[in-house]
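Trainee: The chain contents come next:
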Amino acid sequence: MGRAAFARRDRGRVRGGRVGVGVVALAALFVLAAAGLAGAAGAPAPSSQALVDERVREIASELRCVVCQNLSVADSPSDLAKEMRNLIREQVEQGKGRKEILEYFVSRYGEFVLLDPPKHGFSLLVWVLPFLALAIGAGGVYLVARRWAARPADAPTPADPGYLDRVRRELTEREDGTA
Amino acid sequence: MSWKKALIPLATVPVILLLAYGFWTDPRSIPSPLIRREAPNFRIAPFDGAEISLASLRGKPVIVNFWASWCFPACYEEAPLMEATWRKYKEQGLHMVGVVIQDKEPNAREFMQRFGYSFPNGPDPGSKISIDFGVYGVPETFFIDRQGRIAYKHVGALAPEVMEAQVQALLKG
Numbered sequence: 001m002g003r004a005a006f007a008r009r010d011r012g013r014v015r016g017g018r019v020g021v022g023v024v025a026l027a028a029l030f031v032l033a034a035a036g037l038a039g040a041a042g043a044p045a046p047s048s049q050a051l052v053d054e055r056v057r058e059i060a061s062e063l064r065c066v067v068c069q070n071l072s073v074a075d076s077p078s079d080l081a082k083e084m085r086n087l088i089r090e091q092v093e094q095g096k097g098r099k100e101i102l103e104y105f106v107s108r109y110g111e112f113v114l115l116d117p118p119k120h121g122f123s124l125l126v127w128v129l130p131f132l133a134l135a136i137g138a139g140g141v142y143l144v145a146r147r148w149a150a151r152p153a154d155a156p157t158p159a160d161p162g163y164l165d166r167v168r169r170e171l172t173e174r175e176d177g178t179a
Numbered sequence: 180m181s182w183k184k185a186l187i188p189l190a191t192v193p194v195i196l197l198l199a200y201g202f203w204t205d206p207r208s209i210p211s212p213l214i215r216r217e218a219p220n221f222r223i224a225p226f227d228g229a230e231i232s233l234a235s236l237r238g239k240p241v242i243v244n245f246w247a248s249w250c251f252p253a254c255y256e257e258a259p260l261m262e263a264t265w266r267k268y269k270e271q272g273l274h275m276v277g278v279v280i281q282d283k284e285p286n287a288r289e290f291m292q293r294f295g296y297s298f299p300n301g302p303d304p305g306s307k308i309s310i311d312f313g314v315y316g317v318p319e320t321f322f323i324d325r326q327g328r329i330a331y332k333h334v335g336a337l338a339p340e341v342m343e344a345q346v347q348a349l350l351k352g
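Line by line, the protein sequences give chains A and B.
Here my numbering is used: the first residue of the first sequence is 1, the next is one more, and so on.
Here my numbering is used: the first residue of the second sequence is 180, the next is one more, and so on.
Chain A on its own, in the form it takes in the complex (with noise of 0.2 Å):
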């Protein structure tokens, strides 16, 4: 019996460490799934948080604040920037681009509303006269450098005799002296 009974007890301890190790096993795989499972349904991971704040913080820093001077959406303290961020938080969410983004703010604001003045029309100026300007520069400072290196050397001016002579004079005395 006391055999018997140990030996019932010993396959029962057996028997419970196997079921302990099952139970663990299927607790761990039961968190691995709800945790996927949270992962895939609810709020996205924060990698992806992080890069849709990213995106937005990129698209909104292209976009001037309308209410502020010189200050970008993405930088300004004011409510109307603050919901335009959310504005295109909520774009970039529903998977729009930043072109199709930025073009809809053209579309309310005008060309005003980029930072950037677009490379057409009369704004082309601000990006071609900085340009044209050190090339009309540059152009100048060639064409005058050039007269002056094609200008004849100035002949030299003729001594004073004067002058010569005192010098000549005082050279002699002064090697006359030495000897």
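Among the hints, a few may not be true.
To be verified - Using C-beta positions, here's what the derived DEER-type ranges look like:
#1 L197/B with E58/A: 17 to 23 Å
#2 N286/B with D53/A: 43 to 49 Å
#3 S61/A with G295/B: 42 to 48 Å
#4 K99/A with N286/B: 14 to 20 Å
#5 W148/A with L198/B: 56 to 62 Å
#6 L197/B with P158/A: 18 to 24 Å
What the hints assert, rightly or not - In the EDC-like style, the derived pairs of lysine to aspartate or glutamate whose C-alpha atoms are separated by at most 16 Å in a straight line are:
#7 K307/B with D79/A
#8 K351/B with D324/B
#9 K96/A with D165/A
#10 K184/B with E217/B
#11 K99/A with D79/A
#12 K307/B with D53/A
#13 K82/A with E111/A
#14 K267/B with E343/B
#15 K239/B with D282/B
#16 K239/B with E256/B
#17 K99/A with E111/A
#18 K82/A with D311/B
#19 K283/B with E62/A
#20 K307/B with E111/A
#21 K99/A with E62/A
#22 K82/A with D282/B
#23 K307/B with D282/B
#24 K99/A with E58/A
Claimed, not checked - One side only, chain B facing chain A, incomplete, derived with CB under 10 Å:
#25 L213
#26 Y255
#27 G305
#28 Y315
#29 Q345
If you are wondering where the hints come from, they were derived from the structure by calculation, not from laboratory data.
Predicted model, so just to flag it, every value in this text is computed and none were measured.
Virtual Cβ for every residue (Gly too), placed ideally from N, Cα, C.
Mind docking chain B on chain A? Use the hints.
Mentor: Here is chain B on its own, set in the frame of chain A:
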């Protein structure tokens, strides 16, 4: 004077013209790309009354006024004119909707009470209507014709003569 000598003073002409253009234009004035285009549709829940959608007013002239109780003095200056215009022309089919920007309801209600507003006014949560209309300040007023297009946009307090001319144009159109 040879043409070379005339070149230097002549070169300053485009620069002066560019500067003159810069000084002549108002840097705060932003031309709206929405003029003569279809007004963006919106739904608004007025503080008192049923929800209104702009699309449901198609075929009727509509004035959309963006305002706030914190917008002093411009909104306070034009408020009596808004209410007077509404009372004068509502029988002729004019519709008027007030969109309240970034305001607290009690303050907005106090403003409406002060000026006896009887046309529908409602909040703009998230400033979605304002951004859709390209609003960058208050007050701004949009005159929408019977075809649903924005005929005119006014930035700042409306003067009676501007209001009268624009309403007449809307009613005739």
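Trainee: Kindly indicate which numbered hints from before are broken by the structure, ordering the numbers from low to high.
Mentor: Going through the list in order, the structure violates hints 1, 2, 4, 5, 6, 9, 10, 11, 12, 13, 15, 16, 19, 20, 26, 29 and respects the others.
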